[in-house]
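Protein chains in written order, with the working numbering: chain U, 13 to 207; chain E, 13 to 207.
Think of the hints as simulated: they come from the structure by calculation, not from any bench.
Be a bit skeptical, because a hint or two may be false.
Pairs count within a copy or across copies, as identical chains cannot be separated in the list.
[Unchecked claim] The calculated lysine-lysine pairs, modelled on DSBU-like cross-linking and capped at a C-alpha distance of 30 Å, are: (1) Lys71 - Lys164; (2) Lys168 - Lys206; (3) Lys206 - Lys71; (4) Lys71 - Lys102; (5) Lys206 - Lys15; (6) Lys153 - Lys206; (7) Lys71 - Lys15; (8) Lys15 - Lys168; (9) Lys15 - Lys153; (10) Lys164 - Lys102; (11) Lys168 - Lys102; (12) Lys71 - Lys58; (13) Lys102 - Lys206; (14) Lys115 - Lys15; (15) Lys153 - Lys164; (16) Lys164 - Lys115; (17) Lys115 - Lys71; (18) Lys15 - Lys164.
There are 2 protein chains.
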Amino acid sequence: MSKVLDFYFDLASPYAYLASTQVDDVCARNGATARWRPFLLGGVFKATGNEMPARIPAKAAYMQRDLQAWSAFYGVPFAFPAHFPINSVKPMRVCLAAEEQGKLRELAEAMYRAYWAEGNPIDDPAVIAEVAADVGLDGEKLLARIEDQDIKNRLKENTEEAVRLGAFGAPFFHLDGQIFWGNDRLPLIEHTLKC
Amino acid sequence: MSKVLDFYFDLASPYAYLASTQVDDVCARNGATARWRPFLLGGVFKATGNEMPARIPAKAAYMQRDLQAWSAFYGVPFAFPAHFPINSVKPMRVCLAAEEQGKLRELAEAMYRAYWAEGNPIDDPAVIAEVAADVGLDGEKLLARIEDQDIKNRLKENTEEAVRLGAFGAPFFHLDGQIFWGNDRLPLIEHTLKC
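Here chain U stands alone, though its shape is the one from the complex (with noise of 0.2 Å):
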């Protein structure tokens, strides 16, 4: 039986966007599949009481350049964007839309690259509309989409279950009971599906 790694992405997480470049061939190179789950990062810090990794300077500083050394271990594209941070609640309901037209992971990617690539704000609706078409999706009926209850209980119920099974940031993945955080846990992630 092949092995299912829970991946929990915010669009508004670099650390998730390096990540995200990298959890399906870690996977696939261990005969396992990644299942990529939504989740809002700001719920999960007012859940724990954590906060933003930038509010100490010195770490804040760091960050831009471990951002950009990882982007250039990895071999993508990385630009920190002049909007940030964004407000995720929008484009994280439409990647649970998305879903559900089996195109959450084409979205997400597409979305990932329009932000932390190319600097758009992936939370005005119109560029959400605009990247949705680029993956043959219809952006105005995944904006009206959204604005059903069902799928803001979907996103709501994602980030709680993250929060149980011990999430205080992201991104955070599950595999068989074992937790992990961070983008830098793709090896001890890649070691324990070898085991």
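Add chain E to chain U, keeping to what the hints say.
Leaving out everything else, chain E in the frame of chain U:
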């Protein structure tokens, strides 16, 4: 010319312990040398407004599992000590006194093992003397030496230097103008050494 990686460590930090088990190998296999630099994590926290990562309960719970996962990944012994945290001022000064006798690394490694693998309270002078004897040093002499102002100053200077470079936690690394924080950045350091 061989590259030199500055490795700032505090014996009180479990992630610095984990890094200490790998840093020499990472350097050796890339034709570089690690220069072990004792510093005081408490001083770094004070200077930068940072604090122990265990402030958030979910993070503290995760840290226990994370430390176990890294020790299994590296294949090194680890057990969270009952006596935690320690005041590392004396142990770190002792490292500097050992450095004068050409035994900094030997003593630091023995102290790390004594605390993070065997649970011995290495802020206790009797334990310090025992560990020192194990690596062929005179514990009484070391403990006398750390009362001298120049040793006290040297620890303060190392700490201030790290803070100037951008440190806000441990372990902290400096390589030719680039800085890295955390045991989990060793893959990035290795990548940088290869470039």
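Hints violated by the structure (listed by number, smallest first): 2, 6, 9, 13, 17
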